[in-house]
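Engineer: Next come the chains, spelled out residue by residue.
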Amino acid sequence: MNGRLSFLSAKGRKIEAIYRITLRQQLAYKVDFMLRASFLLLILYVFIQLWSAAYEGDTERLIAGFSLKQIIWYLVFTEALTMASPQLSLRIEEEVKNGDIAIRLIRPLSYLSYHYSSYMAEAVFRFGIHLVVGSFIAWLFVGPPTFGFGWLGLLSLSAGALTIAFLLNGIVAMCAFWIEETRGLEFVLQKLKFTVGGMLLPIDLMPEWLQRICAWLPFQAVLYIPARTAVAYEEVSMLQYFAVQAAWIVVLGIGIWTIYRRGVTRLHVNGG
Amino acid sequence: MIALRTASLCKSFRVKRKMPGLSGSIRSLFRPEWEERTAVSDINLTVHAGETVAFLGPNGAGKSTTIKMLTGILHPTSGNAEVLGFTPWRDRTKLAYRIGTVFGQKSQLWYHLPPMDTFDLISRIYELKQSDYKARRKDLIERFELEPYLHTPVRKLSLGERMRCEIAASFLHRPQLLFLDEPTIGLDVLVKQRIRELIRELNRKEGTTVFLTSHDAGDVEELCTRAVVIHHGGILLDAKVEQLKRDILNRKTITLTLKPDSPSAIQARIAGTEIVSNEGRRMKLSVDLSQTDIDLVLSALVGKFRLEDVTVEDPPLEEIIKHIYGMRTGGAGPESGLEASRQAGAGAGGRRL
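In order, the protein sequence lines correspond to chains R and H. Last residue of the first sequence: 254 (the working numbering), numbering continuous. Last residue of the second sequence: 555 (the working numbering), numbering continuous.
No lab work stands behind these hints, which were simulated from the structure alone. It should be emphasised that the depicted structure is a prediction, and the values quoted were computed from it without experimental measurement. Using N, Cα and C, we set each Cβ at its ideal position, and we do this for glycine too. Please note: incorrect hints may appear among the correct ones.
30 Å max Cα-Cα, derived BS3-like pairs, lysine-lysine [to be verified]:
| id | chain 1 | residue 1 | chain 2 | residue 2 |
| --- | --- | --- | --- | --- |
| 1 | H | Lys486 | R | Lys79 |
| 2 | H | Lys218 | R | Lys79 |
| 3 | H | Lys454 | H | Lys486 |
| 4 | H | Lys308 | R | Lys79 |
Per the computed footprint, the stretches of chain H lying under chain R, defined by three or more beta-carbons under 8 Å from a beta-carbon of chain R, are [stated by the list, open to error]:
| id | region |
| --- | --- |
| 5 | 273 to 279 |
| 6 | 337 to 346 |
Make a model of the complete structure from these sequences and hints.
Structural biologist: See below:
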């Protein structure tokens, strides 16, 4: 038991060390952050105009149970989560293509753990920044985010959401062991998150049949679940949401592990 | 003690064969044709602890692929290997604690951060005790003279400075076995010299086994005691570096600079020598030591010419390798006691020189 615990804590320390160094390296990309942040402002501005038109400026009105203020803040949260994801498949594809994967595999650390912790370091950091930037514009147009426990719900469900986003991106990225280009698959994945994941609009606004399909897909656990919890805490069951996320983490985790095990045996590192 | 042992290690992979032109590309889209390429075929090798082994061969001979299998990065197609008691591809992470690996063409340092940050990360990843790590780091910083670069982002370091940091980084966890894949590629002579000294010192002081691939004859001559030459994925020759130089290519190169009033070079015919080049007052001679002795040649030269300068060198290892290829494919060249140590397996690969 003791040995098991010390094994886990050693592993935890490794993951933490990678988390920290990725974060430090991230700080070198200031311009990139500024550009993303200003792009987020632009998108949110456009959506605020759009939804204000849909609600005809009526702040009392509800569409599928959402007020204008809830919809706008919902968008801030889904955008912040979406834009938090680093381009994992591009990175892994590059590593496989140019052979830099060798540098990862000489370490006493699993390849997936390395990428998970470096992904989370970037994602959590970016999520924070985009949340601040997005909050600024939403506050300006639709008022303060008085969501109480909703904030707690958002933050606690975001960890699972980003983990599932990692697993989904990772599964696409693992295809780099078989195919030369994963960009096409990544494109499809991203658009699925935009639509059936509920990024552009809450799933509640979709037709009944589509809602039923979405409930069985992992994409809603990435965006819809944390964002809806934030804006409508009273209406959701946190326990159920945690269970949904946990189930997807297990399923996708087994999936990515299996694909990785098979893929790495086929690896042929290019370049001598 | 045996540091590593391989038995019939093979690695092949499939590549898509594409016909030239657009029509070829389209055809390969619908009916891809695959070609089996052999990168490594039937490598049998035993390295004892504390040895310094050079793994030589032309581009595409399978050197890097072999190192990558021995470090657990690649899975072989067939065959077996045991490194420090582990099967590398099965026990990759367990083995990783005990070996160090440096790829001359890839960096393990974090590009935007100072080397110190990577060192700290490594100390965590290898689960080093912080007090041990700090002492070890201090020692390596002194030996590798890294103090001035420790806090400079890696992207601002020169290649030589970076390479010293890379090798120091791979020594932090006191590996028993060090794999170096082209460690001195692209470095200038002085830096190469320094890096070789450092590796040699670590081998001597800590008994670290060194297994390196290189194109550079100097790496092999100055760092290694044993050379394994591979070609077409198989082992062509396995011998002591000394023996290799003495027996396989028993030639030396003499470079002369003549004084202005010395007799012209054309009259120089000394038994057992051959004029390689002759430009103005500089002349290069190749001496066949099976026909004559170096002191006979030198005294003949002194008798015939008035010399300003003279150097005697061993031929570069590239030439030695070329010579062995010649012997195997054409049957030319001196037969020697090394014949017995050559192994079968050469020529099985799909690659050409």
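Engineer: Now tell me, hint by hint, if it's right for this structure.
Structural biologist: Going down the list of hints, with the structure as the test:
no., hint, result
1, Lys486/H with Lys79/R, "violated, 46 Å"
2, Lys218/H with Lys79/R, "holds, 15 Å"
3, Lys454/H with Lys486/H, "holds, 10 Å"
4, Lys308/H with Lys79/R, "holds, 13 Å"
5, 273 to 279, "holds (count 5)"
6, 337 to 346, "violated (count 0)"
Checked against the numbered hints listed earlier, the structure breaks hints 1, 6; every other hint is satisfied.
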